[in-house]
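Residue numbers (this note's numbering): -9 to 303.
Be a bit skeptical, because a hint or two may be false.
Here are the computed distance ranges between Cβ atoms for each label pair [claimed, not checked]:
{"no.": "1", "residue 1": "D136", "residue 2": "Q220", "range": "23 to 33 Å"}
{"no.": "2", "residue 1": "Q241", "residue 2": "F55", "range": "39 to 49 Å"}
{"no.": "3", "residue 1": "E62", "residue 2": "V169", "range": "43 to 53 Å"}
{"no.": "4", "residue 1": "Q241", "residue 2": "Q189", "range": "22 to 32 Å"}
These aren't lab readings, by the way, just hints derived from the structure by calculation.
Cβ atoms here follow ideal geometry from the backbone N, Cα and C, with glycine treated the same way.
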Amino acid sequence: MRGSGPRDVDECLIHSHYWRVPGHSISAAVDAYLYRCSVERGLSPHTIDAYRRDLAGFVEFCDRFGASDLEEVDRRLVRRFIANLSTRSYAPRSVSRKASSVRGFLADASRRELVASNPAAAVPHPKRPGTLPKAIPSQSLGVLIDNIDGDTPVDVRDRAIIETLYGTGLRVSELAALVVGDLVGGASFLVVTGKGSKQRSVPITSSVERAVARYIADSRQVLLGGRASQRLWVGVRGGDLSTRDIRRIVQARIGSFPHALRHSFATHLLENGADLRSVQDLLGHTELATTQIYTGVTRKHLTETYERSHPRA
-9 MRGSGPRDVD ECLIHSHYWR VPGHSISAAV DAYLYRCSVE RGLSPHTIDA
41 YRRDLAGFVE FCDRFGASDL EEVDRRLVRR FIANLSTRSY APRSVSRKAS
91 SVRGFLADAS RRELVASNPA AAVPHPKRPG TLPKAIPSQS LGVLIDNIDG
141 DTPVDVRDRA IIETLYGTGL RVSELAALVV GDLVGGASFL VVTGKGSKQR
191 SVPITSSVER AVARYIADSR QVLLGGRASQ RLWVGVRGGD LSTRDIRRIV
241 QARIGSFPHA LRHSFATHLL ENGADLRSVQ DLLGHTELAT TQIYTGVTRK
291 HLTETYERSH PRA
């Protein structure tokens, strides 16, 4: 499979015609699908990479059973693929994600009439485990953040990164993509570009505002070392921080992951009375159902509060 990078106009026209010709390979169809997901749907590079890995496994599995053309993919082969995933060492969540990637690809192929019918349409989808997000207790998280109290440019930057992740609920990809110009309204709002290139404004707390202002005033130019960059977050050699760099910083500083800070942001807001719609907007969720997973967390919190507080509990 080729990468999903941009192509010139003539090549795109050739490919858009070619993908409608019946009898082409599964690998070529996957390549075209990834390209459309990147260019037409505006999915993030991280999402495209995940799809690419999942679908590469599907292509390899089909090859083992002698299927190299889309028309040779049937319901039985899709069922075998999903069953094979379940027998390997993948976590249930990974099995569900890989199956979803294949179903999305085949549904797209069916809509474009590259196959006579969708071979995955009647295949049962493995249920995603209903595990609740693990939020870091607010007091513990406050202590961890306050412990990042050094004065070096790296200390100041790392404190600002973690304050921003917890204070805004951004995805790590959204945080890494921030530029200095995304700070608006006297630094009281961030303009965030989320999934599908959709923009939203996220208010920031005074602690985030102070941490980011200190980083920009005292540390960012030192880290840049005379280099020019529009990105907000830079490394010790002046280069832009990647999502992997940010994950390493969060792991080193608080022993957790950026997504745990996002979960904590949403959970703590709901526990303190925020409504679900507002949290949905702040997280950038398209569907309310995605945000509703947090209602289980808050129910647990309410139950524990009730049992601890009610005299007859």
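Here is how each hint holds up against the structure:
no.	hint	in the structure
1	D136 / Q220: 23 to 33 Å	30 Å, holds
2	Q241 / F55: 39 to 49 Å	40 Å, holds
3	E62 / V169: 43 to 53 Å	47 Å, holds
4	Q241 / Q189: 22 to 32 Å	29 Å, holds
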